[in-house]
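There are 2 protein chains.
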Amino acid sequence: MKSIIIASTSTLHEGSYLAYLLPTLQQHFKDCKSILFIPFARPGGITHDEYTEKVTQAFATINIAVKGIHTCEDAAAAIKNAEGIFTGGGNTFLLVTQLYQHNIMQILSETVKNGTPYLGTSAGSNICGLSMQTTNDMPIIYPPSFQTLGLIPFNLNPHYLDPQINSTHMGETRETRIKEFHAFNSIPVLGLREGSWLEVKGNKITLKGALSARLFLKDQNPEELETETDLSHLN
Amino acid sequence: MKSIIIASTSTLHEGSYLAYLLPTLQQHFKDCKSILFIPFARPGGITHDEYTEKVTQAFATINIAVKGIHTCEDAAAAIKNAEGIFTGGGNTFLLVTQLYQHNIMQILSETVKNGTPYLGTSAGSNICGLSMQTTNDMPIIYPPSFQTLGLIPFNLNPHYLDPQINSTHMGETRETRIKEFHAFNSIPVLGLREGSWLEVKGNKITLKGALSARLFLKDQNPEELETETDLSHLN
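Going down the list, the sequences are from chains A and B. In case it helps, full-length UniProt numbering puts the first sequence at residues 1 to 235. In case it helps, full-length UniProt numbering puts the second sequence at residues 1 to 235.
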């Protein structure tokens, strides 16, 4: 049975890394002594080792060990054998490129669909949708495909931002960009605000966290969904 | 001799379409009775015809006729024979995809390099750089390549936005995104604020408009460039 947490962000303003999610993660990974961490989204600033160390420190507080996939000789085997998996944030173009380059996109999808508990934050959440085409990230690298894990039957826009009232900026708002996506695609898009996450248990998908989320369907007005909304029938 | 205007935006807040640029465009296109308009970046909302009509109305005020490339049977011939060319804004992924699909990326580059006066705004400016990899747009469609016209020896970030002081948002700032680009690419990136443009005359590239622009070089601190700065030696 699928067991997935898909979070808009790893970190809340003035919070420490993963802090707001730890009670949820303690329950989510309750059968795991250790989890596999995928640091591939991080484009620099910190190394994969340093990124993994940051995750290790956060998970140490709930007594779960962390191993970085970049230290595993056989990445596919590491995924298959993991007790739990966490993909961290960064740049989605880079993450998707590396998942394809390491030839682990499919095995990651299959493994999580088969029940290995998964956590994604930001870019690691983006890849849970059908495609990465509603990311906010900059195309710093050319991925072989925009198709992603397809763990849920729709797309995500993490770090969703409402249009700023009184803005004089003429660049597109997030809502306009998602509307552009729907000019060519019929996949629903969920704008997930920082502090919200999705809980996937089998085929049940539930909005969690204190905030509402904004749902975009092709050719329809966006809709605000309250926390605890059941999204299972969205596709 | 190359003769190009590369503008951050078509429209300023509370201004009408192209209004702030019209005195510049009157001079830029002074030898043109008509120009060819490329509406391919627009992902919907208005049709190519409607978009072309909007451009036609703006250029009518400086007595220049406009023809939409989507109405031409032979797009490549239309580019080669144009007195001047304007590519409007919208979504850069869509624009680049369509330029490749119509097989006109190369002929457009050659034609403008050979001296046909060109105007780009927003997405139409993004494509003037070496690649579209510093666009702000959402990847709503998968282009066959990120390579673009290469009319200037660096990349652009139109609609450049400074980080917001006191923001509680945890998504990446524009500056962080460009830094991510430089983790994998050494091409300089110019953040062009709304109201700024580049004037290219032969090999001379000059920053125009009232605002400063922000220059990002790999592994260096960003630099503010005042208007009228000569960017010819940037590469």
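Rather than coming from a laboratory, the hints here were simulated on the basis of the structure. One should not assume that every hint holds.
[As the list claims (entries may be wrong)] Part of the chain B face toward chain A, derived, beta carbon under 10 Å: (1) G68; (2) C72; (3) T176; (4) S186.
[To be verified] Over 10 Å on every C-beta distance to chain B, these chain A residues come out as not near it, computed from the model: (5) A78; (6) I104; (7) K179.
[Said to hold, decoys possible] Just a few of them, taken from the derived set where beta-carbon distance is under 7 Å, the chain A residues facing chain B: (8) H13; (9) Y17; (10) E50; (11) Q133; (12) G171.
We put the CB at the ideal spot given by N, CA and C, even for glycine.
The hints, checked one at a time:
Interface hint status for G68/B: violated, as the beta-carbon distance to the closest one in chain A is roughly 18 Å, over 10 Å. The interface hint given for C72/B is violated, since its Cβ lies 23 Å from the closest Cβ of chain A, which is over the 10 Å cut-off. Interface hint at T176/B: satisfied, since its Cβ lies 9 Å from the closest Cβ of chain A, which is below the 10 Å cut-off. The beta carbon of S186/B comes no nearer than 12 Å to any beta carbon in chain A, farther than 10 Å, and the hint placing it at the interface is violated.
Non-interface call for A78/A relative to chain B: holds, since the shortest CB-CB distance, roughly 25 Å, exceeds 10 Å. Every beta carbon of chain B lies more than 10 Å from that of I104/A, the smallest distance being close to 20 Å; the non-interface claim holds. Not every CB of chain B is more than 10 Å from the CB of K179/A (nearest about 8 Å), against its label as outside the interface. Of the supplied interface hints, the one on H13/A holds, with its beta-carbon coming within about 4 Å of a beta-carbon of chain B, less than 7 Å.
Here the hint on Y17/A is broken, as its CB sits about 11 Å from the closest CB of chain B, past 7 Å. This hint is violated: E50/A has a C-beta 14 Å from the nearest C-beta of chain B, more than the 7 Å allowed. For Q133/A, the interface hint holds, the least distance from its beta-carbon to any beta-carbon of chain B being 5 Å, beneath 7 Å. The closest approach between the C-beta of G171/A and any C-beta of chain B is roughly 4 Å, which is under the 7 Å cut-off, so the hint is satisfied.
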